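Colleague: Take a look at the letters that make up each chain.
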Amino acid sequence: MTSTILEMRDITKTFPGVKALSNVNLSVEEGEIHAIVGENGAGKSTLMKVLSGVYPSGTYEGEIVFRGQECHFKGIHDSEHIGIVIIHQELALVPMLSIAENIFLGNEHATYGVIDWNANEKRTSALLRKVGLKEDPKTLITNIGVGKQQLVEIAKALSKEVKLLILDEPTASLSEKDSQALLDLLLEFKRQGMTSILISHKLNEVNRVADKVTVIRDGRTIETLPRKDISEDRIITSMVGRSLDDRYPPREPQIGDVILEVKNWSVYHPIHAERQVIKNINLNVRKGEVVGIAGLMGAGRTEFAMSLFGRSYGRHITGEVSLDGKPIDLSSVSKAVASGIAYVTEDRKTFGLNLIDHIKHNVTLANLSGVSSHGVIDDMREMSVANDYRKKTNIRASSVYQLTGNLSGGNQQKVVLSKWLFADPQVLILDEPTRGIDVGAKYEIYTIIARLAAEGKAIIVISSEMPELLGITDRIYVMNEGRIVGEMPASEASQEKIMRAIVRGEGKAS
Amino acid sequence: MSTDSAPAPQSGVAEDVKHGPRIAVSALTTNLREYGLIIALIVIMLFFQYTTSGTLFKPVNLSNLVQQNSFIIVMALGMLLVIVAGYIDLSVGSVAGFIGALAAMMMVIWPLGIFSNPLVVSIVCLIVGALIGAAQGYWIAYHRIPSFIVTLAGMLIFRGICQALLGGGSSVGPLPDSFKALSSGFIPDVIGPLTLIPPTVNAAGKTIVGSGLTLHMTTVVLGVIAVLAYAYFGLRARRKREKHGYEAEPFPLFVIKTLVGSALALFLVFQFASYKGLPVVLLVMGVLISLFVFVTKRMTIGRRIYAMGGNAKAAQLSGINTERLTLLVFINMGVLSALGGLIIAARLGQAVPAAGLGSELDVIAAVFIGGASAMGGVGQVIGAVVGGFIMGVMNNGMSIMGVNVDWQQVVKGLVLLGAVIFDVYNKNKA
Chain A
1 MTSTILEMRD ITKTFPGVKA LSNVNLSVEE GEIHAIVGEN GAGKSTLMKV
51 LSGVYPSGTY EGEIVFRGQE CHFKGIHDSE HIGIVIIHQE LALVPMLSIA
101 ENIFLGNEHA TYGVIDWNAN EKRTSALLRK VGLKEDPKTL ITNIGVGKQQ
151 LVEIAKALSK EVKLLILDEP TASLSEKDSQ ALLDLLLEFK RQGMTSILIS
201 HKLNEVNRVA DKVTVIRDGR TIETLPRKDI SEDRIITSMV GRSLDDRYPP
251 REPQIGDVIL EVKNWSVYHP IHAERQVIKN INLNVRKGEV VGIAGLMGAG
301 RTEFAMSLFG RSYGRHITGE VSLDGKPIDL SSVSKAVASG IAYVTEDRKT
351 FGLNLIDHIK HNVTLANLSG VSSHGVIDDM REMSVANDYR KKTNIRASSV
401 YQLTGNLSGG NQQKVVLSKW LFADPQVLIL DEPTRGIDVG AKYEIYTIIA
451 RLAAEGKAII VISSEMPELL GITDRIYVMN EGRIVGEMPA SEASQEKIMR
501 AIVRGEGKAS
Chain B
1 MSTDSAPAPQ SGVAEDVKHG PRIAVSALTT NLREYGLIIA LIVIMLFFQY
51 TTSGTLFKPV NLSNLVQQNS FIIVMALGML LVIVAGYIDL SVGSVAGFIG
101 ALAAMMMVIW PLGIFSNPLV VSIVCLIVGA LIGAAQGYWI AYHRIPSFIV
151 TLAGMLIFRG ICQALLGGGS SVGPLPDSFK ALSSGFIPDV IGPLTLIPPT
201 VNAAGKTIVG SGLTLHMTTV VLGVIAVLAY AYFGLRARRK REKHGYEAEP
251 FPLFVIKTLV GSALALFLVF QFASYKGLPV VLLVMGVLIS LFVFVTKRMT
301 IGRRIYAMGG NAKAAQLSGI NTERLTLLVF INMGVLSALG GLIIAARLGQ
351 AVPAAGLGSE LDVIAAVFIG GASAMGGVGQ VIGAVVGGFI MGVMNNGMSI
401 MGVNVDWQQV VKGLVLLGAV IFDVYNKNKA
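Residue numbers (the numbering used here), protein chains in the order written: chain A, 1 to 510; chain B, 1 to 430.
If we strip away everything but chain B, and leave its shape as in the complex, we get:
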């Protein structure tokens, strides 16, 4: 995760220098647990790379993978906070569907003139998402109605409104290309392509698609900058710890971690660059992931959410306004559900009544696979993101393999159960 610049506070640090070797061991075990999930993702990817005879890592498939799963991961960021805070939100799929329908109506059907501009519509939709989140959060925070019930109601209500807006079973489209770019677009190559191997020309004088190697240089440059920044911030955090006299994780471990992370990131950058470049939606996702890592690890509001989920009464008696915090968590969820809805609509190029149907379960599963606790107070942003990708890679890989959709669900269910059992087992052992 090239965007995670925050130092990992849980990495088994202790200021007692004389226990050097013990620290190394404990740092290794805690790191293993922390990175176990990422390792699991890599193993799953390699497995499908093998079973799909190399299709999974093909540049075009990687772009598809990102575009298919981005809305799950965007919503999982909000869901992580909801679950850490000790709640649940079942309405996100319906809200996403409703927002997609609203966006399509505004852009295609309703005569709004200048206000049917995709940018204006997107902003309005995000605000509507915030209002939906606030409406649900109000009952949960200030009237103590269980979030399960409020959002179950929301799930029914917004799916209904979505279908009503679209006039029964019909779909509304096509959506403008500039809007579709949110999901299926790629960042422009401002630097210009670099042709390493010229494409083969056939007898008719036309180039053969997929032959040769041309790199999208803007993507390469952005990728290299991100990797350098990752290494730089990691090193700086280490220095700062050492300067204050605190033991950081052992240096070799840090180097291995950084090198492996950078190599993975550069490999993916290269794959994207050899296709059409960085998908716009991946950039959006990357920015949001960094933001949420920062908020949860470094900001007081993040800390308060964890404290509230860990012990709401203690948090309240420590001067934390738990009602307002709950409201904010649900407003955030509403905005991200709306963004998810826009991404779905942009990918399909139209609004359909079933958009986002059932996706709340994928989102919740991603958060739990990522190690969050159903009791609240525990969970990491990176975990939820990796959990989302694990689900996505399984969907994608099994589809390529031609596994029946019914059995895909069975496998996904087993993975969710297995991940949580593994987590509980690990915690009890510790």
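Only chain A is shown next, with the shape it has when bound in the complex:
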């Protein structure tokens, strides 16, 4: 007779302007591997952050019952204390410390602050044997591969007497072989009676190890499938099944000739020189066309866009780009901008805005020559440009002198968009243009995209939200592991088709 180890009831979590989770229910039985699947942004990670206390009790509604007791975690420490350990997608290891130091970081065997290294290393060796990692505990983290680092994270979790192990996309950056080994390890733990929650995009993996699958979509639990009902088709349908009502502005595409043509584009990793990140990409965009690039995180979409935009990413970049049939030089950002290409980054805070400066200065930054003559800025011209774009993109701020750091995500995105619109590009690449912004602002961004296309600009939209791509684009490329693995007109595309292209591509790769 199995018993329920974890019960999450009616979990609702709201961020300013967004309901990330609404009435989510999750029930995990003792000793099972429970998979949680859903699109990027569906709310999986938020749910796990609620569970592990990253969002402390009181910042969400609903209740968590773990081993029969209702829990109110105030931080990760509380949840780890009773045996819930989460391993995040981005590994939290200190690269220049050893395996042993990392495993017992903050939890060292010590008396009066003096560390007993022998005890630490002995215990580390035992833990490493458990996860099947043959490394000296003194080896620095930076000297072992990602797959082994993942195992160190698991060993670290085991050191905390874990009852429920949560793995968030554990195989996202692992090779096929390392992934297999990790999944085998999970099955081994299961035989020993441990319960785990596996969050994954890779449906073949879920299919292989999961006892139950819970599907989350738009912050809601859709259903929980028992082992016998698990199949890729069933999961995909459940993951994406929603209507595309009127969340997107209507458009009548007027598509002209090819403007941008990219041929045989290849890029290598900036640090690991032998790793090819972008593999021979061919792609084109027409005047007035909105082209989408679909794919999961880590498919290489951002890397592709940034390598195109003034070689801002990668090394050994090869391939040809032509604009209006003429080859163009994109070897620096200023040349790319001068050629008529603009790239709106996916990470507006790190790469898009000067957060300690106001809207006006941010809007004109990419085209200062447009508001100056002989290097002297015309304050009045700059002012009217800033106000003009503030109206055009509907930036809600008290004035153009408001610091961009104090704006909401949606309004920040509009400032970044304004900056690039003022640079007057022919081709606009938008990388995750609606990430982290609320539904209303999303609609406004879609309207701007539609208007730009109507004005004859060529637009590339990179997005992990498939409904968004289906709703606003004319044609969709599907990317996976640095390759284009599919191309389809949006009218013939569906989320199932895109998912299938990705999953099929996944099997082929590596």
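Any given hint could be a false lead.
Here are the simulated lysine-lysine pairs, BS3-like style, with alpha carbons at most 25 Å apart [as the list claims (entries may be wrong)]: (1) B:K257 with A:K392; (2) B:K313 with A:K349; (3) B:K257 with A:K349; (4) B:K240 with A:K391; (5) A:K19 with A:K349; (6) B:K427 with B:K257; (7) B:K243 with A:K391; (8) A:K335 with B:K313.
Which chain A residues face chain B? A few, computed with CB under 7 Å, are given here [said to hold, decoys possible]: (9) I271; (10) E274; (11) S339; (12) A366; (13) H374; (14) V376; (15) I377.
Stretches of chain B that chain A covers, calculated by requiring three or more beta carbons in the stretch to come under 8 Å of a beta carbon on chain A [unchecked claim]: (16) 294 to 306; (17) 317 to 324.
Rather than coming from a laboratory, the hints here were simulated on the basis of the structure.
Quick caveat, the model's predicted, so the values are computed rather than measured.
Positions of the beta carbon are idealized from the N, C-alpha and C atoms, including for glycine.
Given the structure of chain A, go ahead and fit chain B onto it with the hints provided.
Modeller: Leaving out everything else, chain B in the frame of chain A:
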């Protein structure tokens, strides 16, 4: 600051006319923060005026004050750009010392013939300063070596070269009078003096020094022109804003600001005019300050430096060549360090091994007291200048009061810390 003709863009403007009273209040608070520093300088000056029984504002002391601190302020202009760009330069004191030594060797020791002319030497020295800046900037910009390390190395290297050039501990001089005029000279009175009160004549038929009142008319005329220009450009900027339909700061505030600024400027002009006139170095400083205010507030290159300091990655992805910009910022710093070195040598009349020693810290302190952020992206030229004067007035005032040099340092340190704490506190409150 009679030279600041650029409109202050941060002065709480908004085009929403219906929020009139709120704008007035916000304009007042932002202005208070902006002018808080100048008010602090005035308060400090009045304090020392009182504690030194009126010595501080004496014409001869004002001239001294300017001549003693001008090199700090000249270098602070370059340092402001370096710090706004997100870097630091620890080498400026050593570079200044080295350039002073180089200038003295060229003018006094080396047989250069016609090339030992002070003007030629000064130009060569400024070029050498540019090259030093370029050499340091190259490693910082193109090899991403932290500026702290590169310029720390520069600090050691150029102090060493300075001492080696001067042959150990000796000093080289005296320097030609025409060179010394850069620091201790006054502008010639082309109009001619105006005697308001004839000096008293003693029994022996000689005039008593310091009695009577004779004005240096060229200084008076230049001062009045500068004040008029200040008022005119301020008014013109206002008109332009209003013509384009943007709310400017409330008119009464503008009038008060202009009147107080003009009165202060005219008072100082009068003090200088009743002594020997405008110090040459003050004129040099004034021109440079105006230039840097213009560059930072109105020119694209200035804007790019602020953007780079605020978010280097975003600036790069906006098409700004951040490497070249960094190089230029350090070349500029090198030229101004060289000018600082020439000013020091000209004031001392000779080159000494310790010239400019430790001055990098005064320069950096001036910039931070002036409200610049150690994270980059924030800072004003006027702030750095006022910060420099605050340090200078404290040095001068405490020296007159006879405060021990050791305790002077303690007070300066406390003022630096206090100014930055005040700034951080203010920002968090806002």
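Colleague: Now, for every hint given, state plainly whether the structure supports it.
Modeller: Quick rundown of the hints versus the structure:
1. B:K257 with A:K392: 37 Å, violated
2. B:K313 with A:K349: 10 Å, holds
3. B:K257 with A:K349: Answer violated: K257 (chain B) to K349 (chain A) is near 38 Å, above 25 Å.
4. B:K240 with A:K391: 22 Å, holds
5. A:K19 with A:K349: 22 Å, holds
6. B:K427 with B:K257: Roughly 24 Å separates the two Cα atoms, so the pair holds.
7. B:K243 with A:K391: 20 Å, holds
8. A:K335 with B:K313: Roughly 17 Å between the alpha carbons, so the hint for K335 (chain A) and K313 (chain B) holds.
9. I271: This interface hint is violated because 14 Å lies over the 7 Å limit.
10. E274: 23 Å, violated
11. S339: Since chain B brings no Cβ nearer than about 11 Å to S339 (chain A), farther than 7 Å, the hint is violated.
12. A366: 4 Å, holds
13. H374: With a closest approach of 9 Å, the H374 (chain A) hint is violated.
14. V376: Holds: closest Cβ of chain B sits about 5 Å from V376 (chain A), inside 7 Å.
15. I377: 5 Å, holds
16. 294 to 306: holds (count 7)
17. 317 to 324: The restraint on the stretch 317 to 324 of chain B holds, since 5 of its residues have a Cβ under 8 Å from chain A and three suffice.
Violated hints for the displayed structure, listed by number in ascending order: 1, 3, 9, 10, 11, 13.
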